[in-house]
Structure formats: C-alpha cells, structure tokens
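Taking the hints as your guide, dock the two standalone chains into a single complex.
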Amino acid sequence: MTEVLAGRARQVTRSGSATPDIDCDRQSVAGSVSQRACTFCGSRVVLYPIADAVHLVHGPIGCAVYTWDVRGALSSGPELHRLSFSTDLRERHVVFGGERQLEDSLMELIGKHHPKAAFVYGTCIVGVIGDDVPAICKKVSAKTGIPCIPVQSEGFQGSKRQGYDAACEALMALIGTGDTAGIPQHSVNILGDFNLAGEIWIIRDYLKRMGVEVVAQLTGDGRVDDIRRAHGAGLNLVQCSGSTTKLAMQMQEKYGIPFKRVSFFGLDDMAGALYAIAEHFKDPQILARTRELVAEEIAKTLPVVSQCRQDLEGKRAAIYVGGSFKAISLVKALRLIGMKTVLVGSQTGTKEDYAYLSDLCDPGTIIVDDSNPAELSSFLSEGKADLFIGGVKERPLAYKLGVAFCDHNHERKLPLEGFVGMANFAREVHGSVCSPVWQFAPRHAISKLSEEV
Amino acid sequence: MSTDQARAPLADQDKTPARQRAKVATTNACRMCMPLGACLAYTGFEGVVPFLHGSQGCSTYIRRYLISHFAEPMDIASSSVGESATIFGGESNLRTGVANVTRVYKPFMIGIASTCLTETIGEDVAAMITRLKDPVEGMTAKTGVDTPELVFAHTPSYSGTHADGYHAAVREVVRSLAEPGETGSDVNLFPGICSAADLRHLKELVSAYGLGCNLMPDYSERLDGVTVARYEKLPAGGTTADQVRAAGHAKASITLGGLVTPGVQLAGELLHETFQVPHHMLAMPIGIRLTDMFTELLGQLSGRPMPEWLVKERGRLVDAYIDGHKYAMDRKAIVFGDEDLVTGLASFCAEIGITPVLIATGGRSGHLAREIGRLNPELDGKVEVLDDGDFEEITARANELRPDIMIGHSKGYTTARDLGIPLVRVGLPIHDRVGGQRVKHLGYRGTQELFDRVINALIAARQDESPIGYAYM
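So the sequences go chain by chain: A and B.
Positions 1 to 453 (full-length UniProt numbering) are the ones given, in order, by the first sequence.
Positions 1 to 473 (full-length UniProt numbering) are the ones given, in order, by the second sequence.
Just chain B, same shape as in the assembly (with noise of 0.2 Å):
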C-alpha cells in the first residue's frame, strides 16, 4: 500500500470483489480456522463436548493451540475419519464417535462441527442426527445409551475464519433451544470472542443493572477453572440449557462486534427473525466511549442509572487517561487480531491519544474499515486498514509505519522483536505468557488495565532506550 493509499477514506478501504490482496500465498496467517471458533464457543454451555466430524488432526491440533492459551483441559472429539470413511462416507464414524463421548462424557449436548474434509465430501451431517435420533434404527435403540442433544454447525475452513466458526456453533446452540415463551426481564449477551476474565466482568456488569444475563456462550469457569482433586471428564460451568431456552423470550439481545464474512447469520439475528427479540449490535466494549455505548443500551433496558461503583470505576479511568496522556501523545500503535477485538482497540487507542497508523486483521467482513471509520471519524485519513492480511504484510507495512508498539496476540511477537517495540498482548491465542486467559479487555475495568498496561509499556521502552537510566520517569 502507497502512502497516497495511506491517506485514502476508510470507507474505501475494504477489501472487495474488486480489490483482492497483491500476493497469492499466505504466510504467518493473522487468523484461525472455522472448527477451532466452533469448539470454543461450544465449550461455553453447560455440558456441551465439542466433537469435530472429520480427520484426527483437526481436533487435536486445536485442542494443543487452545490449550496453550487457556492452559486448561480442552477435551475435543473426532469422528476421526479416515481413508475409507473418505470414500465411502463418514456416518459410522459418526455415530461410533457419538455414542463413545456419550458413555465416556455422558453430556447433555454434543456439538458437532464439521471440518473442510466432511465438507468436500459432502457429509450431510444433519441428516445423519436425524438417523441418530431415530426411535428403530438410532443410537438409543441400537446401543441402549441415551442419546444427548446434538446440535451441528457447518465450519469449513476455507468459508471463514474462527470468528465466522465461533458465531455459527453459537447460532446452532441457540436455534436447537431457545424457545418462545412470555417476555421477560433477561438480556440475550452474545460477548464474541473474549477471555474468561472479559466474560466474568460482562455478567458482573449486566446484572448491576438488575438485568438477568444470558451469556452466550460462557466458558469463564471451563477454561479458567480451579484445581481439583478428582478430575472432572466435563468440568462444571457455562451457560445453561435454560438460559439458552429463555434466550427465545428474552428482553432483547445485545451482539458484542459481530463482524463476520458475509453469509454467517448471528445467534441475535436468528432470534430477532424467530421470536422478534430486539437486537442491538455495538461494537466490543474497549475504551471509555464504546463502553458508554454499552453502559447506556444496559441503563435504557433496565431503566435505572449507572451504578455507583460502576460511575466511580468510569472516573477512575477518565483520572487514569488524564494521568497518563502525555506517554501516549504522538505515539502510533500496530492493532493486530480479531475483528471486533480491533474496532475496540482501535477507538480506544485513538481516544487516549495514541493513533492506530495500521488496523490488521486476518477476518474477511469487508466492513472493517467502515466500522473503524463510523466509531472514528477522526481517523479517517490517518490510518490504514488491513483486512484478509497476514504477518507478512503487517511485518512490511511496519517496517515503513514505524510505529512505536504493537497490540495483539502473541503472534506478533516476532515483528515487534525485529521492529524493537514493544508487544502489548491481548486477545487469542497468548502462547508465550501466562495468563492469555485472565486478560481483561472490555469495559471500564479492563480499559483501565488495558491502558495501564500500553503506557507502562511506552514508559519502559523510553526508560530502556535511553542511556541515563532514569529511576524516576
């Protein structure tokens, strides 16, 4: 991209049909594949085993990548489709891999997504569950075990990415259960893709405005768990079958981002086109503005005022922002990762001072840089968006931004290695730290750690660079 391109409108800034990447291969992709978005979500309701209907690797590998991040357990099942199953399909591996989990996990719900080989082979998974559930020739009657709910999304990975995987299993779980009924007093959240610690904070935050949460899904307790003396095969935690079912009757939804390759329905979609639950999409909750976006929708369906504390955690952040202000001035970051991660991060960089010189993603909306542009008029002009990239070209749009640090996964060390700055790590996967499961982003407490985190940053890096070694900065 020219520097001319650097300065061009953000709306016309967007890949298109029309404007496809220069290069044809991809080299240190900047995002995941669709199954491993699909295990994440289902790991989020309660008694739900992720099982993947396709060839061993798949789940394994995205067991390892997972684990590395949240540093749990993270049980995920293959149908473990092979040479013949190729040919000749994959229905008994199914149903064998069903029944397996079944008496190993004894779940309530198995959630089934297929992978890019069941795809190109033409798997009709939901025919085969309708088989499973049959009263003669199902699982029930054939193996006298009961059969759990089974509900399945389509995720080849080469449809989308683990955003577009992660909204589908979400959307699968709640069509198979929610359920119409008289309207009540909960709010539908559908969080995207955040850590335990992000989950946690968002319950804390809706029911302090007496609002009943259906966190969709939820895999605070999952994947940030406690240790155990006997191991639990399915650990406790997520959100509930009854959750789910009163999402159908809930007062109204609220998606958190929601970018997504065109095509993939959202779960507050479904339901608003289902059972007419309003839907409200705002963008992730990073930074003081797009957390007041978040905090009024909250007072305006609870009628009732900022809570006390929630006022003074606000406060204290606009004292932190004023604090801290003259560290970010004339400063530009790299904001790498997750879509909707990015919309966050970039409106709260720019709001302390900080200018996102590149906005990357790996995700393919085409809407990205029109989001950015809507949320920040102000950048409009002064930064670059790249979506469908890859570390290869933010590595070579960093070389010439020279900004001075870098937020996003820990897959963007090596860059920020070579450019000498520092690495400011958040979203998924953080695979060289601890912790990637405790991060908070999102509201006013995880703005405050966010920003603690990126100005200590820029303190440490000037306190390093320079050859006085000042102990008092």
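If we strip away everything but chain A, and leave its shape as in the complex, we get (with noise of 0.2 Å):
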C-alpha cells in the first residue's frame, strides 16, 4: 500500500469504498512535494493567451523566466503573449520599493509594442515590500490611454485556485467597456479554453457550422476589444471550469448571462456540450444543424477510435491533472478505448467532481487530491498503471517506471478537444501503450521471468 503523509490522508479515497468523501481545496501540505504551483501561476495560466496584451510580470526574474513562451497556447494575429517581460527587480528595489521601475518599465513596454492592455502581476515579494500597484497602473493608464490592469497574483496567497479569481477579477475590469452593437442574439463566449495547439478554432468552426456566433475567447487566442464587448453575448460556456466558473458567475450576476458547463474532451462530453449550445437557443435549425454536424464528425473518428481500441482494451490508465472537470471527461474517453482507469487525481479539484469521479470509476480507483511524486509512482505501481495521463512533472515518474505516458497539460502541441481531439487522443494514447520500447524496462523484464518461472 502507498504511504500516505498523515496530514494528508483525508485526501485520498477509492470510489466504492465506505468513505468516498474528499478533502480538498486546500493549502498543500509543507514538505509534501505538491505538484502545484502557486496564485502567480493560476492567474498567469488563465490570462497568458490574450495576444495583444502586455503581461508584465512585476517581481524579481524567476517569475518571468519559468513562464516564458512555454504554452502551447496559439494565436491567429499578434503574438505578445509570448514574450516574457518583467521588473526584473533588485536588491535595491526590495529596500526602496519598486514602484518606479514598475512606472518606468510600464511606459516602456507600452512605447515599444503598442499594447491594447497591460496586465501586470504581482509576485510574493510586491504585497510584502509595499508597492502600490493599483495606483501605478491607474498612473499609467491615464498617461497612455492603454488599459493597465493589476492582477493581485502574490504567490503565497494560496494555490492556482485564488490566482484564478484574481485573474477572473482582471477580466471583469475589461469587460463591460466595448461596444455590443451588431452582436446577434445567438452568440457565445468561450471562458476557459485557452488555443492549446489550435483547439479553440476546431470548437470555433463547429458553432460556426451550426450558425453560433463566438463573440470573445477568454483567452485562447484572445483580444482585449473582444474581452471588452463580451458583455453582449447570449450564453457563456465555461470549458475549463475551475478557472473560470467564477467569472462565469460573476457575468451572470452583472450582465444577466446565462451560462454552461462544458467539456470539448471525448465523443460523449463533446456532442453533449454541442447539444447542449443547440438547446440553449431553442432554435429548431440550430438544433438541425448540430445533429449534422455531430453525426458528420463521430462518423470520421470512430474507425480511428475502433481500431486504436483493438490494442489497448483492458489497458489500465493512471490520470492526474490540474483540475479534476477535465479528469471527468478523461475517464470516459479512456472507456472509449478500451481502458480502465486505475488511479485519477487532480491539484485544484472540487468535492463535487471527485464524488462524480467517485461514482463514475470502478470500484478500487484511487481518487487523490493535491498528490506528489512519492504517492503517484506508489499508485502507479499499485494499479499496475500502462499509461499515465498528466504533465511534464508527471512524465518523469511514467518514464522512469517504465510506463506509457499521454501530455494533457498546457504544453501540449496535439489538439485534444473536439472530435478530431478524440482521434489524436486516441493514436497519442495507442502510439505510447503500444511502442515497442517498454520490452526493454525493466518492470517488464521482471514480469516477464517470473511468467516463465
């Protein structure tokens, strides 16, 4: 059985089991070796794709440095996003304050790139060292007539969780400030998608042929004048909800629109949230249209779906990733093909997800909130994983085991979501359970002499 850190046993479950209850959404225990960043990271994920802002990441280097162009998230025009600029603060900013070099580095930025807005975000240190960046950006703003937004991001306010809310508040300081003239009745926002490898323009031609109009994408390929319009459209779909269920929320009370949980992963959740746009607009031809159109697409994947299955039924899967809605849409793609899930787990997941989690996985799954690399390779181990869905932090654990392992994290350059996201998915997934380098760790090398023994 895996260790488990007695601070952190109520974070563990296993669906099926007398106590399915999880503790979660809160601060990772000290010295347990988190897979989380921080509030900086939270807000930085969720802005990061707007591509015609200026973030400056205001704080010493490192900041800046390990977030620098390291998404996969796609922009169709500017491409500001992807550049790295900070305050770059020093030993002498610390003792006299840094808001001048903020000041400065703000007018600078906004000199050389002519940025629709810039956000600017806080680090650790600029809460402690006082500076008053609310007033900066005010400053600034008046002088240039660019939108400059703080983003309250110090890192030791929590987990990415509070970063998604001080982004999400962001936001709302834009939204609301554009003209929603011409925007038709049958018009979305798409909140929490963020243009990994190009996804949102798959999702963007499939409202496009049923006849939805996207008015903005909060952020994925992002712009500001579109942020500011969003105010007008008819429905709000939320895709990656644990960062932006609360602006979601937020838009609803402020601007009266309604809004919709949705997941792009998998056949099922994909033509669900499909559907569930056509119902939305209780538009007979909207409706029409999108049953065309799920019909057309699942016809094209599932001969891919079909025969990737063929190899890899029975196959035990391992996921852990940031939020625990996507981990949902997971499992049953996982079914899909085949596979069993053995192991799901999230860093920021909500007590209502994991009982579905709980209640959707077999019984024996472990179910785990906030884990760390000691508890992961044991559950790996122990569930007798063959593949392991998660990030570059948990490809090393996968690799050095001798398992298959799928990127589903920010990085990825593979479209994942839509119907064709389910056929990468799958070839992805086949491509790893099934290359022909596993014969050769040793985990395999071992089971194989004790069947022969």
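Incorrect hints may have been included.
Stated by the list, open to error - In silico EDC-like cross-links for lysine to aspartate or glutamate, where the CA-CA straight-line distance does not exceed 16 Å:
id : chain 1 : residue 1 : chain 2 : residue 2
1  : A       : LYS332    : A       : GLU313
2  : A       : LYS116    : A       : ASP225
3  : A       : LYS112    : B       : GLU392
4  : A       : LYS413    : B       : ASP432
5  : B       : LYS23     : A       : GLU108
6  : A       : LYS351    : A       : ASP21
7  : B       : LYS106    : B       : GLU232
8  : B       : LYS23     : A       : GLU103
9  : A       : LYS384    : A       : ASP362
10 : B       : LYS106    : A       : GLU3
11 : A       : LYS332    : A       : ASP362
12 : B       : LYS233    : B       : GLU72
13 : B       : LYS23     : A       : ASP104
14 : B       : LYS233    : A       : ASP362
15 : B       : LYS326    : B       : ASP452
Just so you know, the hints here were simulated from the structure itself, not pulled from any lab data.
Right, dumping it as structure tokens:
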C-alpha cells in the first residue's frame, strides 16, 4: 500500500469505499512536494493567451523566466503574449520599493509594443515591499490611454485557484467597456479554453457550422477588444470550469448572461456540449445542423477509435491533471478506447467533481487530491498502470517506471479537444502504450521472468 | 551599442555601476533565478533533498524547468508558505516541511534555500535550524523522527542568478561537512553548471591522472539515471558525505569557471580560507587551450604525464580542427548563456577561426569581458560582450551583427529562427531537443563533439542554402 502523509490522509480515497468523501481545496502540506504551483501561476495561466496585451510580471526574474513561451496557446494574429516581460527587481528595489521601476517599465513597454492593454502581475514580494500596483496602473493608464490592469497574484496567497479568481477579477475590469452593437442573439463567449495547439479554432468551426457566433474567447487566441464587449453575448460556455466558473457567475450576476459548464474532450462530452448549446438557443435549425455535424464528425472519428481500441482493450490508465472536471472527460474517453482508470487525481479539484468521479470509476479506483511524486509513483505501481496522463512533472515518473505517457497539459502541441481531438488522443495513447520500447523496461522484463518461472 | 563601442577594448566593456543597461524592463531573460541553481546543486549530493523555504510555486516552477531539460524526476520540497505564514512567519511551515520530507524521503541531508518571499519578510532560517536541532524543543524530541543534516543557503532571486545560487548551495554543503585532516591525494573539483555527461567525463579525466576526485556537486546519476522497476524516491548517486568531509583536507581545489555576482563566496575559496586547501581557478575547459590548462594542472598535481589515450584524444581533436577549419574561417558566432560557459565557448570559437562577435549573458559578475580579454587577447577590439543582458538585446545586436551561427541554450531558438541561422544547443536549458543531460562540452572529448556539431551546422546551412543540392561538401 502507498504511504500517505498523516496530514494528507483525507485527500486520498477509493471509489466504492465506505468513505468516498475527499478533503480538497486546502493549502498544500509543507514538505509534501506538491505538484501544484501558486497563485501567480493560476493568474498567468488564465490571462496568458490574450495575444495583444503586454503581460508584465512585477517581481524578481524567476517568475517571468519560468512562464516564458512554455504553453501551446496559439494566436491567429499578434503574439505579444509569447514575450516574457519582467520588472526584474533587484536588491535596491526591494529596499527602496519597486514602484518607479514598475512605472518606467510599463511606459517603456507600452511605447515599444503598442499593446491594447497591459496586465501587471504581482509576485510574492510585491505585497511585502508595499508597492501600490493599482495606483501605478491607474497613473500609467491615464498617461497612455492604455488600460493597465493590476492582477493581485502574489504567489503565497494560495494555490492556482486563488490565482484564477484574481485573473477573473482582472478580466471583469475589461468586460463591459466595449460596444456590443451588432452582436446577434445566438452568440457565445468561450471561457476557460486557452487555444492549446489551436483547439479553440476547432470549436469555433463547430459553432460556425451550427450557426452560433463567438463574441469573445477567454482567453485562447483572445483579444482585448473582444473581451471588452463580451457582455453582449447570449451565453457563456465554461470549458475549464476550475478557472473561469467564477467569471461566468460574475457575468451572470452583472450582465444577466447565463452559462453552461461544458467539456470539449471525448466524444460524449463534446457532442453533449454542442447539443446543450443548441438546446439553449431553442432554434430548430441550429439543432438540426448540430445533429448533422455530430453525426458527420463521429462517423469520421469512430474508425480511428475502434482501431486503437483493439490493442488497448483492458489496459490500465492513471490520470493526474490540473483540474478535476477535465478528469471526468478523460475517464470517459479512456473507456471509449477500452481502458480502465486505476488512478484519477488533480491538483485543484472540487468536492463535487471528486464525488462524480467516485461514482463514475470502477470500484477501487484511487482518487487523490493534491498528490506528489512519492504517492503517484507508488499508485502507478500499485495500480499496474500501463499509461499515465498528466503534464511535464508527471512524465518522468511514468517513464522512470516504464509506463506510457500522454501529455494533457498546457504544453501539448497536439489538439485533444473536439471530435478530431478524440482521434488524436486515441492515436497518441495507442502510440505510446504500444511502443516496442517498453520491452526493455525492467518492470516488464521482471514480469516476463516471473511468468517464465 | 554603436559600432564604435563594438571596438572598445574588452577591459572597458563590463557593466559597472557607472555603465548600466540602457533600458528598464527585462524582455526574455537570459538567466534563471538563484533558487533554481541551489536546487540543481543540492541534487548533486548523495541523499540530499532540495527544499525551498517559500511559496509553493517556486519549487514547482523550478521542478518543471529542470525536468524539461534533464528528463528525470526532480523532487524539490517546499515549505508552502501561505498568507498567514507570510504575516506571522514561516517557522512552523519549515518545521512541518522538514519533518514530512524526513518521513517520506529519509534523507541524509535536507538542502534548504530561501526564496524572494522568505528573504524579504526577514526569515532567520539559520536560527530556525538551530531550534529544529534542539534536543528538548527540536524535531526529534517532538516527533520521534531523527533529524537529518540541515544546511541553508541564502538565495533570493533579486540578489543574483542561478549560477550564484548554485555556488552558494555547494559552498554551504561544504561548509557544513568539510573536516580538517591529514592532507590526502584527492583533488576537490568544483565543475560549475554542466551536463551529466560532462560530470562523468571530468571524473574520468581526474582519475586518469591517478588522483582521487571529490566532484562537488555530481548529479550525473540522479539527473541522468536508468529506468527502474521500483521507484526510488531519493535516487542513488551524488557526491558522498565522506567525499565532502575529505574536501577539508584535499591536496587542492579546482574551480572551473566561478564567475559570480560580487559578494558570492565560492566553496573553493571557503576551503582555502578555513583549511588552507590550495585553490586553483581555471576557465571551463572548452577548446584545446583551456583544456590544456586543466590537464596541465592535473599533471602538476599528480606528477604524472598525460595518459596515452588522452594524448590521442587531444591529437584527434587537433586533426579534426584542421580537417574542418575551412568551414569555420571568416564565420561569425553569437555565444550566449551562463558566464562560465560563454567564456569557454568564446575561447573555443576563437581558436577554430570563428569570431564570437557577441558574447552575451544574463550574469552580472562584472568581470566577463576582462576574463575573455585575459584568455583571448586576440579577440580584443573584435567582439562585444553583453552582460546582464536579455534576448531583446541579443536579438537587436544579432540583427546588426548578422552572425552565421548561434551557440547557446534553447531559449535562443526564436532569435536564430528569425535570423535564419543554425542554433547549436549547449548548456542549460535545452527544452526543445532530447538529450540535454548528455550534451558534452568539456575536455578534448566534449570539444570534439562541440566542434563536429558546430561545423556540421555550418555545412548544413550552406548546403541547405545552395540551389544546387550538393551531396558532396
């Protein structure tokens, strides 16, 4: 059995167990080597894809370095978001304050790059040294006419979740400042999709074929001017629910825009999302076009899925991702290719999602919140996983143990959303699980030996 | 920098308090933060778990950055300082963290490094460690878990670069363990930031002269390990505690590179000061001239001649230089990255006939240009040195200098791509190719690999640009 630190005991459970209730949304246990990042990371993740804004990290250099162009969030136009801007605070700023450095940096960058807006991310020490970031932002906005928006993302505030909230607050500062003239009734905003590997373009294409217009993308391939008029849309689609549900709720409250939680991963959830949109607009034509689209796309995808399934039937998968809502879609998508989930966990999941996962998964599936390498590696061995789905930090755990891997994180270069994404996912999983290299991994060599004995 | 300044003597090019950068914000930095360097260094000591006293994000970001280079698990613990700890102090977080790491990893030592946050709120980690070790109030008394060795390095990102953090961590491990004793025949070797393959080669070189080698740190196993059947939370490998203890009475210390922000003391300097171990500082052995300095020193320390296989390795490198020199002549390169690495690369370029027209770094020792001038007087007046620089500046200079090739880490890719020239990937990080941990840079052997890659990249560029499609170059 896997050893779990006493302080984390209630963050691990098994589906079908007497106490499926899980403890989550709490500060990481010190010394646990959590896979989580910080508040700054949460804000940076949500706002980063806005391509025509300057994203200025106010702090010493590290925070800006580690978030420089590491995600596959694509833009169809400007690419300012791919640059890493930092006030690069030095000792003298820590002693005497960094406000002047921030103001000068903002003025310099706005002069050089002519952005539509500037986001200023506070890092750990900014609050501590007492810089008044909102005041500087206000001053520079007044001088330049460019909205400068403070993002209160000091890392120590908590996990990514608090950073999501700070980002949503920053977005709310922009929303409602644009002209909504000409926006049709059948229109949506896409929230919490970051256009990784061009995924939002796939979704936009579906919506176009259905006859639904997209007003603003928050924030994949996002533009400041679109976001400013997002309050004119008829419906908010919330894809990454962990990061942007709060924004949807705020927009509902302030502008009366209803929202739907959707997932674009897997055939079931993708089709379900499109039908939910069609039903929302209560337009028989949209519904008819949606039916046609879903039938056409599924017909294209299923052959790939069934082909991959032949080799994957009965294989075992482990999932550890950022948010728990996505994990639900992954469990379903894995089922579609014949795979059983033996471990599912996330960095910042919610009680409701974990409860749903507990019902969804086969009895005995390990469910874990805010895990770490020691636990995950042990869970992988215990569950005899053939595949691990996660991000960069999970990959070496899988490989070290001779387990196949599928990157489902923000660095991915392969679109996994939409029907085509399901086909990509099936191929990706198949390619890794069925690779001949595993025959050399000691884990397999040992099991082979024991079979022979 | 105007063309006039480009011809300025190297001795006048270092950034001084009087000669600061011309801009305010940093765009696409050419350095990493101090805690990253500390974590990397700690990982090179056997049984040591790196531990950052700060917010959770620092350790996670650094893990991801290093994992992407080394393709190995990289566990860095965090005290996960939150809002209340920021206000009331993080001591209980540190204590809980140390206890938990001890339970899970059973380390010999926990290598603690500070972060911007905990330095700024004034955490006195040294005092906390003393209290952790207290027989009545300490961790063992309270939890029943034996307290491992605890070391601490100050590494606030605003004070320096990853190279400074690396050297600070090495120094603190040495300070905590090194012991006096009868002078032995071992040599302390402080390699600086290099690849796992480099570390293996350095050990081989020193032992080829019959010398024992305390290589500090040595992450060649932990960050370039084998696939296993059962996961090791704390993988084997690294400089042993006994080796670090023996460093206090070694025959000599050799530091390769060691260009650090003023005020950062090197482990070799500390050993000299405390135990009078003679300290030799050499440039990173890249290229024949700089490697000769290293092998000559090994010869002096051992009293042995260069072993035959190494003589041949050197000879083959000379042969290769001659075979390839026509592809190098009149070519211009930009070399960028860590100060120690670019010092070696500049010298290597110079000796094969490539002019390193721009030598750029995010480091700020303030000595880089003078060091390059000292090692390569022939470059004086021909090259520009950019310290405390970023990729916005490097790209701007590159557009004017029109180099034929860039040599540096993977963050230079965009610049090279825009210029339409090859990038030969060296140093840290290499995030867009496999094998960053296996790239060889040091010694005749590393130089051989580097030379082949550089020359082949130049040949390939010429071949690809040619409308003819020569298959015979």
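Outcome of the hint check:
1. A/LYS332 with A/GLU313: Distance ~14 Å between A/LYS332 and A/GLU313 Cα, so the pair holds.
2. A/LYS116 with A/ASP225: holds (8 Å)
3. A/LYS112 with B/GLU392: Between A/LYS112 and B/GLU392 the Cα gap is close to 12 Å, so the pair holds against 16 Å.
4. A/LYS413 with B/ASP432: Roughly 12 Å separates the two Cα atoms, so the pair holds.
5. B/LYS23 with A/GLU108: At roughly 8 Å apart (the allowed maximum being 16 Å), A/GLU108 and B/LYS23 satisfy the hint.
6. A/LYS351 with A/ASP21: holds (8 Å)
7. B/LYS106 with B/GLU232: With Cα atoms ~11 Å apart, B/LYS106 and B/GLU232 stay inside 16 Å; holds.
8. B/LYS23 with A/GLU103: Roughly 13 Å separates the two Cα atoms, so the pair holds.
9. A/LYS384 with A/ASP362: Holds - the C-alpha atoms of A/ASP362 and A/LYS384 are around 15 Å apart, at most 16 Å.
10. B/LYS106 with A/GLU3: holds (13 Å)
11. A/LYS332 with A/ASP362: Holds - the C-alpha atoms of A/ASP362 and A/LYS332 are around 12 Å apart, at most 16 Å.
12. B/LYS233 with B/GLU72: The given pair, whose Cα atoms are some 12 Å apart, holds under the 16 Å limit.
13. B/LYS23 with A/ASP104: With Cα atoms ~9 Å apart, B/LYS23 and A/ASP104 stay inside 16 Å; holds.
14. B/LYS233 with A/ASP362: Between B/LYS233 and A/ASP362 the Cα gap is close to 29 Å, so the pair fails against 16 Å, i.e. violated.
15. B/LYS326 with B/ASP452: At roughly 13 Å apart (the allowed maximum being 16 Å), B/ASP452 and B/LYS326 satisfy the hint.
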